[in-house]
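Visitor: If you read the protein sequences in the order shown, they are chains A and B. Reminder that position 35 of the first sequence reads as 35 in the numbering used here, one-by-one numbering, no gaps. Reminder that position 95 of the second sequence reads as 95 in the numbering used here, one-by-one numbering, no gaps.
Just so you know, the hints here were simulated from the structure itself, not pulled from any lab data. Bear in mind that the values here come from a model prediction, so they are computed numbers and not experimental data. Heads up, some of the hints might be wrong.
[Said to hold, decoys possible] Derived coverage of chain B by chain A (criterion: at least 3 residues anywhere in the stretch with Cβ under 8 Å from a Cβ of chain A; other residues may be distant):
no., region
1, 36-43
2, 99-108
[Unchecked claim] In silico BS3-like links for lysine-lysine, alpha-carbon gap of 27 Å or less:
no., chain 1, residue 1, chain 2, residue 2
3, A, K41, B, K109
4, A, K55, A, K20
5, B, K70, B, K57
6, A, K66, A, K14
7, A, K20, B, K97
8, B, K70, B, K59
9, B, K59, B, K109
10, A, K14, A, K64
11, A, K55, B, K109
12, A, K20, A, K66
13, A, K20, A, K41
14, B, K109, B, K57
15, A, K55, A, K66
16, B, K97, A, K41
17, A, K64, B, K97
18, B, K70, B, K97
19, A, K55, B, K97
20, A, K20, A, K64
21, B, K70, B, K109
22, A, K66, B, K97
23, B, K56, B, K70
Every residue, glycine too, gets a C-beta built ideally from N, C-alpha and C.
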Amino acid sequence: GAVVSQHPSWVICKSGTSVKIECRSLDFQATTMFWYRQFPKQSLMLMATSNEGSKATYEQGVEKDKFLINHASLTLSTLTVTSAHPEDSSFYICSALSRGEGYGYTFGSGTRLTVV
Amino acid sequence: TQLLEQSPQFLSIQEGENLTVYCNSSSVFSSLQWYRQEPGEGPVLLVTVVTGGEVKKLKRLTFQFGDARKDSSLHITAAQPGDTGLYLCAGASGGGKLIFGQGTELSVKP
Numbered sequence: 001g002a003v004v005s006q007h008p009s010w011v012i013c014k015s016g017t018s019v020k021i022e023c024r025s026l027d028f029q030a031t032t033m034f035w036y037r038q039f040p041k042q043s044l045m046l047m048a049t050s051n052e053g054s055k056a057t058y059e060q061g062v063e064k065d066k067f068l069i070n071h072a073s074l075t076l077s078t079l080t081v082t083s084a085h086p087e088d089s090s091f092y093i094c095s096a097l098s099r100g101e102g103y104g105y106t107f108g109s110g111t112r113l114t115v116v
Numbered sequence: 001t002q003l004l005e006q007s008p009q010f011l012s013i014q015e016g017e018n019l020t021v022y023c024n025s026s027s028v029f030s031s032l033q034w035y036r037q038e039p040g041e042g043p044v045l046l047v048t049v050v051t052g053g054e055v056k057k058l059k060r061l062t063f064q065f066g067d068a069r070k071d072s073s074l075h076i077t078a079a080q081p082g083d084t085g086l087y088l089c090a091g092a093s094g095g096g097k098l099i100f101g102q103g104t105e106l107s108v109k110p
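Just chain B, same shape as in the assembly (with noise of 0.2 Å):
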């Protein structure tokens, strides 16, 4: 079964500072994906990356994809309480399945 691990699972900081969020496997995924969701919503997609050792920007959020397809961090920059949300990440199994990392909480206070 493949699992994957997201750290850490709560995060709470004042707006400014930078953070980052890890997500890793045992496993290889074909692609691995981050959402945000926020309560009583389902998940909206943030970015997804496929090519090992990637790098994405979206604003002051940058994704990474480690070179083995194995593991993959966020990084935000500069947090805003607008960023307050819970983060998710999952990877793309066989059959199509997208398994999901535990999320992580974040708290960003004024």
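For reference, chain A alone in the conformation it holds in the complex (with noise of 0.2 Å):
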């Protein structure tokens, strides 16, 4: 089955940092990759909308120039979370899209981000 590996799984960082999140797609092309955030006991809220080649989609309220979006291969996309600060910590998921045979969204296993 379709597969998204999702690095790092955890990472500490000092506030005013910058932290890359790594998102691949490892048996099939994703054209489409999606980034969400999750607070404790909370469900997954959508950040954005990655199109290989193109820019993100942003959702409304989600600040485009602190959470960068990079798609630029058709299975690898990249969330960076710029100047981090405490604020930031939270678990990202990141999950994509298979429009082939098999249609459907595969998710990655999150990552943890604590800004200290």
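Hey, can you piece these two chains together into the complex? The hints should help.
Guide: Shown next as structure tokens:
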């Protein structure tokens, strides 16, 4: 089945630094990937839709300059949290959409970001 | 904006009891999916319902999609401690975006 690898699984960074999270589709091409944020005991909130070769589409209220998304290839999308602050601490999850046979969404295992 | 209202948000029951989780919207979705998520992990797909009125069964779990494709339910029979987790409904909207309900935190006590 489709597999999405998300890395790192957890990261601790100092306030003011930037952190990059990678999301790779291992055995299929994903023209569309999604980035979600999740707080403890809450659901997933869609942050942005990432399309290969074009600019990401951000949901209302999400700062595009703070959460930089790059989708340069059909198997890789990255989310960079710039100038991180403690309030950016959260669980970030990516999802890749497979439009071919076996159409569906495959989720990464998530990245726990802690900003200190 | 398409929204999914999921209820209840928290549920604590004894082993052996039955439960139902509801997912409602004022919008029509092309499909609805149910996921289960463990702490610190990504959500895992349980089922996708596509046709209005569709009923799918997965062992002790029964999923139903409303006739108008605006609502869905998850029914668990004879819940077990291993069923404990966060259950999420999600609807596919235009552009392929998957919108999630608020989630139901289920705790099954032995």
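Visitor: Taking the hints in turn, state whether each one holds.
Guide: Hint-by-hint comparison with the structure:
With 4 residues bearing a CB less than 8 Å from a CB of chain A, the region 36-43 of chain B meets the requirement of three and the coverage assertion stands. Under the rule that three or more residues need a Cβ within less than 8 Å of chain A, the assignment of the region 99-108 of chain B holds, with 6 such residues. For the hint pairing K41/A with K109/B, the CA-to-CA distance comes to about 18 Å; that is within 27 Å, so the pair holds. Our distance criterion of 27 Å between C-alpha atoms is met by K55/A and K20/A, whose separation comes to about 17 Å.
Distance check on the hinted pair: K70/B and K57/B sit about 19 Å apart at the alpha-carbon level, within 27 Å; holds. Restraint check: the Cα-Cα separation between K66/A and K14/A comes to about 15 Å, which is no more than 27 Å; the hinted pair holds. With a CA separation close to 23 Å, the supplied pair K20/A and K97/B stays within the 27 Å bound. Taking the CA atoms of K70/B and K59/B, the gap is near 24 Å; set against the 27 Å cutoff, the hint holds.
Note on K59/B and K109/B: the hinted pairing holds, with a Cα-Cα distance of about 20 Å set against a maximum of 27 Å. At most 27 Å may separate the alpha-carbon atoms for a hinted pair to count; K14/A and K64/A meet this at roughly 21 Å. For the given pair, K55/A sits about 47 Å from K109/B by alpha-carbon distance, which is inconsistent with the 27 Å threshold. Between the alpha carbons of K20/A and K66/A the distance comes to roughly 12 Å, so the proposed pair stays at or under 27 Å and holds.
With a C-alpha separation of about 24 Å, the suggested pair K20/A and K41/A falls inside the 27 Å cut-off, and the hint holds. For a cut-off of 27 Å, the pair hint linking K109/B to K57/B stands: about 23 Å separates their Cα positions. Straight-line distance between C-alpha atoms of K55/A and K66/A comes to about 15 Å, which keeps the hinted pair within the 27 Å bound. At most 27 Å may separate the alpha-carbon atoms for a hinted pair to count; K97/B and K41/A meet this at roughly 22 Å.
About 18 Å separates the Cα atoms of K64/A and K97/B, which keeps this hinted pair within 27 Å; it holds. The suggested pairing of K70/B with K97/B holds, with an alpha-carbon distance near 16 Å, which does not exceed 27 Å. Between K55/A and K97/B the alpha-carbon distance is near 16 Å, which keeps this suggested pair within the 27 Å criterion. Only pairs whose Cα atoms come within 27 Å are accepted, and K20/A paired with K64/A is accepted, the gap being roughly 14 Å.
As the CA atoms of K70/B and K109/B are separated by approximately 32 Å, the hinted pair breaks the 27 Å bound. For a cut-off of 27 Å, the pair hint linking K66/A to K97/B stands: about 21 Å separates their Cα positions. Taking the CA atoms of K56/B and K70/B, the gap is near 16 Å; set against the 27 Å cutoff, the hint holds.
Going down the numbered hints, you'll see the structure goes against 11, 21, while the others check out.
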